[in-house]
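Those protein sequence lines, which keep their order, are chains C and Z. Heads up: the first sequence begins at 75 in the working numbering, then just goes up one per residue. Heads up: the second sequence begins at 2 in the working numbering, then just goes up one per residue.
Rather than coming from a laboratory, the hints here were simulated on the basis of the structure. The structure displayed is predicted, hence computed values, not measured ones. Where is the CB? At the ideal position from N, CA and C, for every residue including glycine. Be aware that one or more of the hints could be misleading.
[Claimed, not checked] Selected chain C positions facing chain Z (Cβ under 7 Å, derived; list incomplete):
id: 1; residue: Ala-199
id: 2; residue: Pro-200
id: 3; residue: Gln-209
id: 4; residue: Cys-215
id: 5; residue: Cys-218
id: 6; residue: Met-237
id: 7; residue: His-252
id: 8; residue: Leu-253
id: 9; residue: Arg-259
id: 10; residue: Glu-260
id: 11; residue: Asn-261
id: 12; residue: Trp-288
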Amino acid sequence: MTTDRTSNAALLTAFVIMSVAVAGYFTGLQAPMNSNSVDSERSPANQLTESEEPPEVGVVPATDNGVIPATDYSEMVRMTAARRTPDDLASLKSSIDPLAEIRIRPEDKLMALQQRSQNRAFNGAPPTVPHPIDQQSDVSCIACHRNGAVTSSLLIPKMSHTMMANCTQCHVESEPRHLPSVVFRENLFTGLPAPTGGPRAFPGAPPQMPHTTWMRSDCMSCHGYSGRHGIRTTHPWRSNCLQCHTPSATLEQTLQHTEPQFLPGPEISNNQNNGP
Amino acid sequence: MKFRELRLKGQLAMSFDSEPMDAAFDRRQFIRASAMAAAAAVAGITGPALPILGDESLTGVNWEKAPCRFCGTGCHVQVGVQGGKVVAVAGDRNAEVNKGLLCVKGYHVGAALYGKDRLRKPLLRDGNSYREISWETAISTIADRIQAAPDRFAFYGSGQWTIPEGYAVQKFMKGGLSNNHIDPNARLCMASAVTGFLATYGVDEPAGCYDDLDACDVLIMWGNNPAEMHPVLFSRVIDRRSRGENVLLIDIGTRRTRTTEACQHYLEMKGHGDLAIANGIAHLLIKNGTWSRKFVDQFCSFKAPDDANPNLHGKAITFEDYKALLEPYTPEHVEALSGVSADKIRMLADLFGNPSLKITSLWCMGMNQHTRGTAINSMVHGIHLLSGHFGSPGNAPTSLTGQPSACGTVREVGTLSHALPGGMVVTDAQNRAKAEELWRLPPGRIQETPGHHTVKMWESFCTPTDKGGDISTIWVQVTNPGQTLPNLNKLFNPKGDNKAGLEDKFLIVSDVYPTATTRLADLILPSAMWVEKNGMVGNSERRTQQWFRMVDPPGEARDDCWQTIAVARELFNRGVEGMKDRDGQFLFDIKNGDGAPVPIWEWEHYYDTNVDEHLFEEYRQFTRFKHKDLAPYGEYVKARGLRWPVVESDGQWQETRFRFAEGFDPYVAEGKEIQFYHSSTHDDRAQIWFHPWIAPAELPDNDYPFMLSTGRVLEHWHTGSMTRRIPELSRAMPGAYAEMHPDDAAVYRLRNADRIRVESRRGSLIIPVWIDGRGKPPKGTLFIPFFDETLLVNDLTLDAVDPFSKQPDYKKAAVRISKVPS
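Just chain C, with the same shape it has in the complex:
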């Protein structure tokens, strides 16, 4: 129990620090990403370019159970007044240019994957919910996750399967809110880790998707502006993702047989070699 608490606290701290970092990245505009030359020495990992250190932004700390404390009334009066000033209105403008070029360092991507793995049992598992949920209805899930959002303190992922209506069927709370947290028995399951990228035909080739598109049909829900910085697309101005990034037939399970079948080739007869 105590070790659990300690590691939870560590994870929360990690989350806060990483949120600072991720949010910071959004503000910086980067230099054009790459030259036209294809460097055959480059691996997919180090094709990612360096970025500058992100500036710090203010973050509202979460409480132990992940709930952001309500503002008290005196504070609310002050904030309401502050909000009315024209200067403040200007600051509400999003600092994110959705078409700005994104630069991602290898460690950004690893951090994003690490963050994602915190509430997934294996690559492809439905994420558990890192905040309290309404036990009885899905309406509150839809309210925030239908479109997703990025605020100064929160990253709200967008649903990538809006046709589904029964959220809690797959997404359960990471921590119980109604009873003390007890992991009943230790489990030795080791989940499949997330890959850092899909396979490429050659350096510089567009990577194949390393995951299924089933229930991940909206690429932008993870790779768009409300996704984690480390796995955002570096070319958000292009919107036809599947034009270059092909799904994997195995992971899509669309075909019973993954080996392509062909008609027999032309029968080539060589008179000289014909036997008797």
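Keeping the supplied structure of chain C fixed, place chain Z upon it in accordance with the hints.
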């Protein structure tokens, strides 16, 4: 053997072919490792996290199909295996049942194999502790117990038995030991559904299938919470709304649940209110003239219970008799009995009276765990028949099962105390002769008298031998009766009481984890589970499914089926006559392709051949008798399950979506439209039953003022022995609680997480309260889920059973509560 090859080929075809490793690989690895270390340092991560490897993590993962281990829905999963371990699970997109979707249990099913405390060695009780023994000792200990008193030995099985496992035990008990004391946990789960189908159609299992959920205009859930218990099926319906379709959802229940939130109508009823509601609908259909004269005249007869001779045949009545019996069930009277307003009863009757609507009814434990379970099951079939809402896509009364093979292994293989495979019964001389013929047994081997049903079996086990307790040894496989039997203080707990006079009783338990049952076991056997063994199961829609062993079981854990066969062989070696067929051959004699016997009773040789395939092909012959035809094993290897009857036509094995309906069911004669070809009246007609409303077996009174209901939750499957060891599920739902109404909580000055003592006439339990939690019970009622082995609600429940199905009622027990000072 050929399926092994097929399987290996399949694995190769499914493996993710990656790019060949290049020279840059090592450097790349190094860069990743350093980058990861840097990222981890920046983030200050110390807690557990998945190792991040790179795209090579996708290589070497073999994906193979299997049905999910948990409920009766029968979703198929793709199991990702790497390095001899299950590492990932995906919904199978080629499976018709779930079409690529799973629920949270299904997505995490792989972790069910890797709880740290898996049982790894056979354990024999030695006073208050256990000592590890060899499998040889374990097998001979069981053989000793059986030989000492063969007629006092009982087998308690499960709807989680695979079809071959159940079939082997069935043959071992009834055909080998001439002993009918074999019954499954499914007795506690769907026995009343069986008797409802038998009473109505003369043959068991639903006529409709899940395709009805895609076609229905109205879905009525009778005491059913599929949003949590059958989430994939529930999504299948409510996701239709996302596509712009209209479906009217009606929840008839005793508490508000997640299902209620998605329904247009919630009809809150009192326990046993369903009996009144069904009669109220029939009353109005007749009164309004909206019943289907054509359907009833052509395809139905009427029945009422015969009090002098209570059985599933009852007595024939006329339509006029039926009408007269329904006369008292006016909407107002039904309101008084059920608590559901007369207007809502009229609404239901208007829906059933509208022939242009397609209506599907779903039910599960609400109607089955009911002391009038046979009655309410028959009556819901009855209103579908009376109104003609039957036999076309979207029009079906469909009962759901809770276990992966309650249908496949229990209902079809017949692992019940009175049944034989293929829908036959031990009480019928011709049925016995057929089974003896197929099993190549000498005539008269199978006993005529049914064995003990579940409640009777455990009552006898917990009664001292000198006081008439005629069961002295029970072998439990794949189930956890120490948690799921009702009234545990009567039916299970005495085993652990030194003063109960049960010293001569012996409990054998095959399981994968320590449970509430192994707690009192004398011999514990470690079993292989799910994809650690080959298997076949049958889901709620008559779909038979197959999978192959993919990983090794831990330690010395072995297949349940091997355990049974090894004991049978030990008895054979000791000269027990029953273990031989009429030619003196071993009951489970299996020959390889060259005609040489394979010693499958030796574990090293068990997988020299596909035992499942041999047993299934033998069992398959039984399935013809009641037109529940199964295809050859190889067809199931190729398919994501097939719905029986599977009949060969033009060289193709064709499944059947809608039974008894022309154009769908190959056994319906041309021009018949609808043909109930197993009619109990032998005239191709189904029976519409009248049953009166009868009060529950126990009602709240001044001493015990609350009505207690039990049930399940989304995150945990049944007793939680598997799901509670999965961190994602256990953290979401760590322990049991009592749901209660806020007004009741106010009276007792209770707040969330306060502890209360809940007492019934049979036991007591201290448990935290959750007000307005997952579900909202009405005033005067409590709900406690049964998944928590440390908070056993079945210490409180009632062991009263339905008179026909012998299934207990877990939903209605009178209790009182008091606050426990903190």
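Next item on the list: Identify whether the interface hint at C/Trp-288 stands, where standing means a beta carbon of chain Z within less than 7 Å of its own.
Entry: Nearest chain Z Cβ about 5 Å off; hint holds.
Item checked: Proposed interface contact between C/Arg-259 and chain Z, which counts if any beta carbon pair is under 7 Å -> holds, 4 Å
Item checked: Hinted contact C/Ala-199 with chain Z - closest CB pair below 7 Å -> Where the cut-off is 7 Å and the nearest Cβ of chain Z is about 5 Å from C/Ala-199, the hint holds.
Note to self: The hint names C/His-252 as touching chain Z; please verify it with the least Cβ-Cβ distance against 7 Å.
What the structure shows: Cβ of C/His-252 sits 5 Å from chain Z, so the hint holds.
Note to self: The hint names C/Leu-253 as touching chain Z; please verify it with the least Cβ-Cβ distance against 7 Å.
What the structure shows: Status holds, d = 5 Å.
Margin query: Holds or violated: the hint that C/Pro-200 contacts chain Z, with Cβ atoms closer than 7 Å.
Written below: holds, 5 Å
Checklist line | Closest C-beta approach of C/Asn-261 to chain Z relative to 7 Å, hint status | finding: Since chain Z brings a Cβ to about 5 Å from C/Asn-261, closer than 7 Å, the hint holds.
Notebook entry, point to check: Regarding the hint that C/Glu-260 lies at the interface with chain Z, is the smallest CB-CB distance below 7 Å?
Noted result: holds, 4 Å
Check: Going by Cβ atoms only, is C/Cys-218 closer than 7 Å to chain Z?
Finding: Nearest chain Z Cβ about 18 Å off; hint violated.
Margin query: Hint validation: C/Gln-209 versus chain Z, beta carbon distance must be below 7 Å. Holds or violated?
Written below: holds, 5 Å
Item checked: Interface restraint verdict for C/Met-237 against chain Z (beta-carbon cut-off 7 Å) -> Given a least distance of 5 Å, the restraint on C/Met-237 holds.
Notebook entry, point to check: Holds or violated: C/Cys-215 as interface residue toward chain Z, Cβ cutoff 7 Å?
Noted result: violated, 12 Å
In this structure, the hints that do not hold are numbers 4, 5, in rising order.
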